[in-house]
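J.: Kindly produce the complete structure, drawing on both the sequences and the hints.
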Amino acid sequence: EPEVTQTPSHQVTQMGQEVILRCVPISNHLYFYWYRQILGQKVEFLVSFYNNEISEKSEIFDDQFSVERPDGSNFTLKIRSTKLEDSAMYFCASSRQGATDTQYFGPGTRLTVL
Amino acid sequence: LAKTTQPISMDSYEGQEVNITCSHNNIATNDYITWYQQFPSQGPRFIIQGYKTKVTNEVASLFIPADRKSSTLSLPRVSLSDTAVYYCLVRTGGFKTIFGAGTRLFVKA
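Residue numbers (the working numbering), protein chains in the order written: chain A, 1 to 114; chain B, 1 to 109.
Honestly, the hints are just simulated from the structure, not real lab data.
Each statement offered as a hint is correct.
Examples of chain B residues toward chain A, derived with CB under 7 Å:
id, residue
1, 32
2, 43
3, 44
4, 96
5, 99
SDA-like cross-link-like pairs, simulated, lysine to any residue; straight-line CA separation at most 25 Å:
id, chain 1, residue 1, chain 2, residue 2
6, B, 96, A, 66
7, B, 96, A, 80
8, B, 3, A, 39
9, A, 42, B, 40
10, A, 57, B, 38
11, A, 57, B, 41
12, A, 83, A, 8
13, A, 42, B, 60
14, B, 96, A, 31
15, A, 42, A, 114
16, A, 83, A, 14
17, B, 3, B, 98
18, B, 96, A, 68
19, A, 57, A, 3
20, B, 54, A, 97
21, B, 96, A, 59
22, A, 78, B, 98
23, A, 42, B, 50
24, A, 78, A, 54
25, A, 78, A, 59
26, B, 54, A, 100
27, B, 69, A, 102
28, B, 54, B, 28
29, B, 54, A, 102
30, A, 42, B, 5
31, A, 78, A, 26
32, A, 42, B, 74
33, A, 42, B, 11
34, B, 54, B, 70
35, A, 42, A, 7
36, B, 96, A, 63
37, B, 96, A, 62
38, B, 3, A, 101
39, B, 69, B, 85
All residues carry an ideal CB built from backbone N, CA and C; glycine is no exception.
T.: See the structure below:
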């Protein structure tokens, strides 16, 4: 069964550093998403991406965040200048179609900002 | 976006059927109801989705009454490995998916 993969599984960085989280969505999926989950809290939507552009984003997704699909398989989330409060699990998801189609989540990247 | 309300936690024993009810009083005509399962430090995993009446797959059943203001996820014969957080989501044509706090299910031996 195809699945979403994410790398690295755990990233430790210093405050103020840039990090790039990587995702490989399911191959025939067209819609891509990033979510985050701070320890012990809810899963929060960050951004959705389709046809090489952001289709929707939350208020969390401010100017320090950016997303990119650099090639035909990868989908990345960049955090330009990390803050302590960016420490969380970051989940990538993909769906074949948008809207109500099922989103399949990756295993997540645990980001720790020191 | 329709808000959902679920019990914070539930306990069950192995082999029992578990029913988790979610209320979504302001669900819109185009909204679908989706349930996800999440284990600690893992991504949410799709369980089932429905629009009305009853949907069944190999994992669970989803019951949706005619007014669609609530839905019930039914897990037959749970095992210890079903201990997880279960999220009820109401999703419409937008891409933004809102997760609530979910229901923490504890399955005991």
